[in-house]
Amino acid sequence: MTNSDGQLYTIEGFAAGLIMLVTAYLVLNATSVYTAGDTHISDMQLETLGSDALTMMGTNVSGLTMSPLESTLEYVIDTGSYPNATFRTMFLNLTNNRPGSVLDYNKANSTMDYIQFTANYTCRNQDNSTSSYPISWSRNLTGGEHTVRATKWVIVNKKVCGDTIQEDRAVLVEVLLWRD
Amino acid sequence: MARLNDDAQWIILMGFLVSFSFFFLAMVINQSTVVGQTTAESVIEFPKNDIRDVRNVIGEEVNIPYPDNLTVKNDITVLSLNRKGAVVNFPYFTSGNVTYIHIHYNNGVTEYNENWSYL
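If you read the protein sequences in the order shown, they are chains A and B.
Take the first sequence: its position 56, counting from 1, is numbered 56 in the numbering used here, and each next residue is one higher.
Take the second sequence: its position 119, counting from 1, is numbered 119 in the numbering used here, and each next residue is one higher.
Since the hints were made in silico from the structure, they are not lab data.
Beta carbons: idealized from backbone N, C-alpha and C, even for Gly.
Check each hint, because a few of them may be wrong.
Examples of chain B residues toward chain A, derived with CB under 8 Å [as the list claims (entries may be wrong)]:
| id | residue |
| --- | --- |
| 1 | 37 |
| 2 | 49 |
| 3 | 51 |
| 4 | 60 |
| 5 | 63 |
| 6 | 70 |
| 7 | 72 |
| 8 | 94 |
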């Protein structure tokens with residue numbers, strides 16, 4: 001003997017089941033793009049920090065002296081030796097200084113959490129192509145880092161990029177910064 | 001056959017209200033990340049530091065005597081284009097005691113023009 005009680009509840013159950021199935025289908029089928037707004041904000045802050053640090057290094061105490069960035073760069077151009085320790089210490093101090101911590105910047109492969117950088121300068125060759133040369137770095141780039149770039153113009157009085165005579169040249173200092 | 005039971009309609013109505021409010025809250029959260037992203041992106045995209053820096057170096061370049069200034073001027077134009085993708089142009093001339101400079105900067109997104117003169 002069939003019992004016809006509870007038919008409305010059965011239909012309701014089917015409807016609820018269908019709604020759940022459709023929901024699950026929509027969720028699983030959706031294409032999600034995980035772009036956290038936070039990454040862009042921290043990129044922006046890191047870029048500003050790098051630009052500020054470079055601006056401070058490129059500011060001279062008086063019109064008669066060279067800025068630390070300029071003298072360091074002229075030293076690197078003169079001697080051709082890199083990585084330059086003065087640049088590294090100064091840049092890391094400017095970008096990583098915070099109260100209550102003493103960081104050992106000279107440990108090149110330190111596991112400490114601070115902002116890493118790699119810096120180079122670019123000059124113009126005689127044929128109007130450009131060449132880049134390293135200045136300093138705190139760690140080697142492996143290619144997986146998410147870097148931002150900060151740049152600063154410096155006018156040096158050196159033979160750069162195959163100059164035959166010593167003259168004023170504008171070179172572009174480029175720094176890639178990242179957190180790890 | 002089960003009869004329709006019209007008790008507890010208020011409770012169901014309130015349930016609907018609560019679920020819709022959840023829906024709107026989810027939309028607010030969804031939009032908030034997009035707002036933060038576009039704001040930060042537009043800040044990153046705007047070349048404020050580039051323009052300031054190039055103004056600064058042009059100010060130095062103008063004071064370099066001939067013919068070194070031509071080399072430096074070429075450096076700035078070529079390096080801006082190659083390394084920053086920005087067209088930078090700054091013709092200047094001296095008339096009497098006054099030097100007039102026109103700075104032009106364009107990186108495809110932002111264009112900046114400036115005229116200044118000094119004694």
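Against the structure, the hints come out as follows:
1. 37: Since the shortest Cβ distance to chain A is 4 Å, the answer is holds.
2. 49: Since the shortest Cβ distance to chain A is 4 Å, the answer is holds.
3. 51: Not OK, violated: residue 51 of chain B not within 8 Å of chain A, min 12 Å.
4. 60: This hint holds: residue 60 of chain B lies near chain A, its Cβ roughly 5 Å from the closest one there, short of 8 Å.
5. 63: Constraint on residue 63 of chain B not satisfied, violated at 10 Å.
6. 70: violated (10 Å)
7. 72: holds (5 Å)
8. 94: Violated - the Cβ of residue 94 of chain B stays beyond 8 Å from chain A, reaching only about 19 Å at its closest.
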